[in-house]
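Novice: Sequence:
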Amino acid sequence: MPSEIMAPLPGRQQDILRRALSDKVVRIKDLAADFGVHEMTVRRDIDALCEQGKLLRVHGGAQLLERTAEELSQSMRASQNVDAKERIARAALNLIQDGDTVALDASTTSLALARLLPARQVQAITCSLDAANVLAAGGVPFLMAGGNFHAPARSFVGAFFTDTIERLHPDLVFFSAKGYTPDAGFTDPHLPEVGAKRALVRSGSSVVALVDSSKFGRTALATIADHADINTLITDADPGSELKTRLDDDDIQLIVAP
Numbered sequence: 001m002p003s004e005i006m007a008p009l010p011g012r013q014q015d016i017l018r019r020a021l022s023d024k025v026v027r028i029k030d031l032a033a034d035f036g037v038h039e040m041t042v043r044r045d046i047d048a049l050c051e052q053g054k055l056l057r058v059h060g061g062a063q064l065l066e067r068t069a070e071e072l073s074q075s076m077r078a079s080q081n082v083d084a085k086e087r088i089a090r091a092a093l094n095l096i097q098d099g100d101t102v103a104l105d106a107s108t109t110s111l112a113l114a115r116l117l118p119a120r121q122v123q124a125i126t127c128s129l130d131a132a133n134v135l136a137a138g139g140v141p142f143l144m145a146g147g148n149f150h151a152p153a154r155s156f157v158g159a160f161f162t163d164t165i166e167r168l169h170p171d172l173v174f175f176s177a178k179g180y181t182p183d184a185g186f187t188d189p190h191l192p193e194v195g196a197k198r199a200l201v202r203s204g205s206s207v208v209a210l211v212d213s214s215k216f217g218r219t220a221l222a223t224i225a226d227h228a229d230i231n232t233l234i235t236d237a238d239p240g241s242e243l244k245t246r247l248d249d250d251d252i253q254l255i256v257a258p
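240 is the number that the UniProt record's numbering gives to position 240 of the sequence shown; each next residue is one higher, with no gaps.
Errors might be hidden in some of the hints.
[Unchecked claim] Okay, the calculated beta carbon distance ranges per label pair:
1. A33 <-> A184: 19 to 27 Å
2. Q253 <-> T181: 14 to 22 Å
3. D251 <-> L56: 48 to 56 Å
4. R202 <-> H59: 45 to 53 Å
Derived by calculation from the structure, the hints in this document are not laboratory data.
Remember, predicted model here, so these are calculated numbers, not experimental data.
From the three backbone atoms N, C-alpha and C, an ideal C-beta is built for every residue, glycine too.
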C-alpha cells in the first residue's frame, strides 16, 4: 500500500521526504537549520534515503525520485481530511439501493465508500486498484475496467478504459475532484485521471460528486464535469447561500453529511 513508503522511516527522514515533495530539491544546509541538527546528521539521513531508492543526490542536497514522488503523493492524499471523507461516504451510501450498479472513480473518498458497500446488495464498477482490493475483501461483485496503469492514483486510465466505460450504464456514478466552482465545474490537475473521470460521469444515470469543503473555490487544470452535469453534490459543510442558490437553480440536490 502507498502508506508503506513512510512507515519504516524515522521521523526526521519522513519530514525530509515531505519537504522534498513540496520543495522539489532539499538543501542539506537548510534542513540542518530547520531541524536544529548538524549538517552531517542530515547528510546521513539523506544518504540512507538514497540507499533505499527514495532520493537522488544533487549538489548540496537531494530530490525525490519520480516513483517515490508518486507513491508519497498518493500516501499523503489518503491521509487528508479523513473524517470528512468518511462522513461523505456514509451519506453517499444512503443514496444506494439494493440491486443498483454503482461506479467509483479512483479518489480516496470513493475508496471510503467502497469500504461501506458490503452493507448493500450491489454490483460495482471501478478503475481503482485499491477499491478493487476493498471490494474483493468485502465480497462485493465488481467489474474492473482496465487500461493503462496510472501509478499516482493507482488506477487504470486511457483509451481502453474509456472504450469499456462507454459500453456500460451504471445507476450511480460517484466521483471526486481537487477543485470545484460553479463556473469552472469540477476540476483536477492530473490529465490521465480527468479523462477517466469524464468517461465515468458520461456513463451514469445519476451522477454524484463527493467533494469536501476544502475543495470549494479552487480551480485545477482541467474540467472533469460542468456544474450542471451532476445530479447530487455531497459535502461535509454548509457551502454558503450563494452556492446553494446556484445548486437550487440547476436542480442539483445538496447533501451536507452529518
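Novice: Next, verify each hint and record whether it holds.
Specialist: Quick rundown of the hints versus the structure:
1. A33 <-> A184: 19 to 27 Å: Distance hint for A33, A184 is violated at roughly 40 Å.
2. Q253 <-> T181: 14 to 22 Å: 18 Å, holds
3. D251 <-> L56: 48 to 56 Å: 52 Å, holds
4. R202 <-> H59: 45 to 53 Å: With Cβ atoms ~49 Å apart, the hint holds.
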